[in-house]
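Listed below, chain by chain, are the residues.
Number of protein chains: 4
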Amino acid sequence: MDKKKFVAVIGGGQPSREEAKLAEEVGRELAKRGAILVCGGLGGVMEAACKGASSEGGITIGILPGDDSQAANPYVQIPIVTGLGYARNIAVVKSAQAVIAIGGSYGTLAEISHALQSGIPVIGLNTWSLARNNQQDKSIILAQSPTEAVNKALDLAASQKPD
Amino acid sequence: MDKKKFVAVIGGGQPSREEAKLAEEVGRELAKRGAILVCGGLGGVMEAACKGASSEGGITIGILPGDDSQAANPYVQIPIVTGLGYARNIAVVKSAQAVIAIGGSYGTLAEISHALQSGIPVIGLNTWSLARNNQQDKSIILAQSPTEAVNKALDLAASQKPD
Amino acid sequence: MDKKKFVAVIGGGQPSREEAKLAEEVGRELAKRGAILVCGGLGGVMEAACKGASSEGGITIGILPGDDSQAANPYVQIPIVTGLGYARNIAVVKSAQAVIAIGGSYGTLAEISHALQSGIPVIGLNTWSLARNNQQDKSIILAQSPTEAVNKALDLAASQKPD
Amino acid sequence: MDKKKFVAVIGGGQPSREEAKLAEEVGRELAKRGAILVCGGLGGVMEAACKGASSEGGITIGILPGDDSQAANPYVQIPIVTGLGYARNIAVVKSAQAVIAIGGSYGTLAEISHALQSGIPVIGLNTWSLARNNQQDKSIILAQSPTEAVNKALDLAASQKPD
Chain H
0 MDKKKFVAVI GGGQPSREEA KLAEEVGREL AKRGAILVCG GLGGVMEAAC KGASSEGGIT
60 IGILPGDDSQ AANPYVQIPI VTGLGYARNI AVVKSAQAVI AIGGSYGTLA EISHALQSGI
120 PVIGLNTWSL ARNNQQDKSI ILAQSPTEAV NKALDLAASQ KPD
Chain X
0 MDKKKFVAVI GGGQPSREEA KLAEEVGREL AKRGAILVCG GLGGVMEAAC KGASSEGGIT
60 IGILPGDDSQ AANPYVQIPI VTGLGYARNI AVVKSAQAVI AIGGSYGTLA EISHALQSGI
120 PVIGLNTWSL ARNNQQDKSI ILAQSPTEAV NKALDLAASQ KPD
Chain S
0 MDKKKFVAVI GGGQPSREEA KLAEEVGREL AKRGAILVCG GLGGVMEAAC KGASSEGGIT
60 IGILPGDDSQ AANPYVQIPI VTGLGYARNI AVVKSAQAVI AIGGSYGTLA EISHALQSGI
120 PVIGLNTWSL ARNNQQDKSI ILAQSPTEAV NKALDLAASQ KPD
Chain B
0 MDKKKFVAVI GGGQPSREEA KLAEEVGREL AKRGAILVCG GLGGVMEAAC KGASSEGGIT
60 IGILPGDDSQ AANPYVQIPI VTGLGYARNI AVVKSAQAVI AIGGSYGTLA EISHALQSGI
120 PVIGLNTWSL ARNNQQDKSI ILAQSPTEAV NKALDLAASQ KPD
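Protein sequence lines correspond, in order, to chains H, X, S and B.
Sequential numbering from 0 applies to the first sequence in numbering that gives the first Met the number 0.
Sequential numbering from 0 applies to the second sequence in numbering that gives the first Met the number 0.
Sequential numbering from 0 applies to the third sequence in numbering that gives the first Met the number 0.
Sequential numbering from 0 applies to the fourth sequence in numbering that gives the first Met the number 0.
Keep in mind that the hints were calculated from the coordinates and are not lab data.
From a predicted model like this one, the values you see are computed outputs, not experimental measurements.
A hint or two may mislead.
It does not matter which identical chain is meant; a pair holds if it fits inside one copy or across any two.
As the list claims (entries may be wrong) - Derived lysine to aspartate or glutamate pairs resembling EDC-like cross-links, with alpha carbons at most 20 Å apart:
| # | residue 1 | residue 2 |
| --- | --- | --- |
| 1 | K4 | D67 |
| 2 | K31 | E147 |
| 3 | K2 | E147 |
| 4 | K2 | E23 |
| 5 | K151 | D66 |
| 6 | K50 | D136 |
| 7 | K151 | E23 |
| 8 | K20 | D66 |
| 9 | K4 | E24 |
| 10 | K137 | D66 |
| 11 | K31 | D136 |
| 12 | K137 | E17 |
| 13 | K31 | D66 |
| 14 | K20 | D136 |
| 15 | K137 | E55 |
| 16 | K50 | E23 |
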């Protein structure tokens, strides 16, 4: 399994139908391209992405906040049980070479922030946009479709770490 | 020391001169009003706020990321040594009943996000502004001056937890 | 408050009556000697120690595992709310210059281990003893009474960090 | 990959030659039996176990303390990058249905403690033994050989979680 790319998919536990569809498509596309999916392991965007990846035979890792691997969605193959609450979000993004954010609320924003702080590229689909001191911050790379998001994520992941 | 209010001051390690001045003034004002200052314990905005609070005899808590209490700025009276890296940011905001954000980069944004996720009010001075799906998110309460920031923080802290 | 010594008191949430008495006496003695008490903030040994310290006007810090400062025992003056589960145990011991362990179960043993791993001296009252490969490990310094435990803790704390 | 058993192998970063041999044999045996190996991802016992597992085509997960996946030993296929320091030890044991401890120092003892605290069975090879209040604690299940350790771990893992 060496030299595989790890891509995190982050987003809310209660996505819109459109966001869930995007997430599933992102998961599918990542699996087709041989990338390993990392996520927070629970429902919503995380589950949809894992479902998509699984449908294409991809590998899915769920880094869980609680104490029980049974909390993982049914498409998580490798549950990492942290017992660390929201601190697990840091591990989700740090374990990836690129992050795709879909929709999401403040938890997703925290993950986006942790990724940017760690120099890990973030691709956004219908998600947060940022401004600092009234100046737009363009660190989140916009994508218009799941395929574009995955393309950008894999390109950036490749430039992140030597293959 | 019961019934004291705990207010977190968050912001970057390398603030502009203006931001450092704002932070020091916020620290001073919090101490005058009897609030306990919580921060990440290091330099920049954290140090300036602790310096201000100390100058008025206030109590300062620094929740440190590393393994050494000596890393705390000289105005931290109560160093909490976590060894948990950025996960300490979660403890900084959760230990407060209100958060004042001054300037800051992605680490500050992560702290803002964790606070909002936990329902802890955030007052912003020259800091991030947020939009989700192209709609402005007004969760960060704007303040124009340190005094206004402290007033709002203490009002909101009071409504947060029963005195 | 500078140059104060920080001493952690660790032990189980459901101590025997004897252990609770020891913990309260340790807390009282620490406060009399001007040390700041650090603990996990909950019930049992933690509460008894905080009660003892409070009765002598000492300062008490409770580093909590959950998301709510209301979970702190009533004698905690400075609640640190981590949301990090058992990882907060690491912060409890790392924030101290010496640790006093009273009774306790596996959580206490984990804290003892983290302290020893970090080079922080551990004084034991009716607590765990260790052997490795069938050779006794004498790292836990035994004490026969609360006063002896506090004496040893403060002596060792003094040698730990330059005053 | 569903229904796989996850077994953690824990132990020191600087094992004796004998301990390293035991770890490699444990890793090999786990892989032969189809279990997934979880560890802290670094050198010593962790690396030896991963090497053994890899030599039999097993899957290896390394949950790292730092910020860089490059710190993983070369036999880790799935690096989880936490940035959480020793708190990652909690995730190592919680992600497993049984733990095999080989030799080790205080870090290993902390992991043993976290496992026992969480009700996860621990099998010991040349490792710590425990006594509480001068009474031996028999929670660590002794094994005399790598094969016996793996047999016990897999039996206990099976009884832990419904297949």
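Hints, one by one, checked against the model:
Taking the closest pair of Cα atoms, K4 and D67 come within 20 Å of each other only across two copies (15 Å); inside a single copy the shortest separation is 27 Å, beyond that limit. With identical chains, the CA atoms of K31 and E147 are at most 20 Å apart within one copy only, with a shortest distance of 14 Å there and 41 Å across copies. With identical chains, the CA atoms of K2 and E147 are never at most 20 Å apart, being 22 Å at best within one copy and 34 Å at best between copies. Taking identical chains as interchangeable, the C-alpha atoms of K2 and E23 are never at most 20 Å apart, the minima being 24 Å within one chain and 23 Å between chains.
In this assembly of identical chains, the alpha carbons of K151 and D66 never lie at most 20 Å apart, being 34 Å within a copy and 23 Å across copies at closest. Within a single copy, K50 and D136 get their C-alpha atoms no closer than 32 Å, and across copies no closer than 31 Å, so neither meets the 20 Å cut-off. For the identical chains of this complex, K151 and E23 are intra-copy neighbours only, at 17 Å inside a copy versus 40 Å across copies, given an alpha-carbon limit of 20 Å. Taking the shortest Cα distances, K20 and D66 never come within 20 Å of each other, neither inside one copy (29 Å) nor across copies (32 Å).
Within a single copy, K4 and E24 get their C-alpha atoms as close as 18 Å, which meets the 20 Å cut-off; across copies the closest is 29 Å, which misses it. With identical chains, the CA atoms of K137 and D66 are never at most 20 Å apart, being 37 Å at best within one copy and 24 Å at best between copies. Within a single copy, K31 and D136 get their C-alpha atoms no closer than 32 Å, and across copies no closer than 36 Å, so neither meets the 20 Å cut-off. Taking the closest pair of Cα atoms, K137 and E17 never come within 20 Å of each other, the shortest separation being 24 Å inside a single copy and 24 Å across copies.
Taking CA atoms no more than 20 Å apart as the test, K31 paired with D66 passes in neither setting, with 32 Å inside one copy and 28 Å between copies. Taking the shortest Cα distances, K20 and D136 never come within 20 Å of each other, neither inside one copy (27 Å) nor across copies (24 Å). In this homomeric assembly, K137 and E55 never come within 20 Å of each other (Cα to Cα): the closest approach is 33 Å inside a single copy and 40 Å across copies. Taking the closest pair of Cα atoms, K50 and E23 come within 20 Å of each other only inside a single copy of the chain (6 Å); across copies the shortest separation is 35 Å, beyond that limit.
Checked against the numbered hints above, the structure violates hints 3, 4, 5, 6, 8, 10, 11, 12, 13, 14 and 15; every other hint is satisfied.
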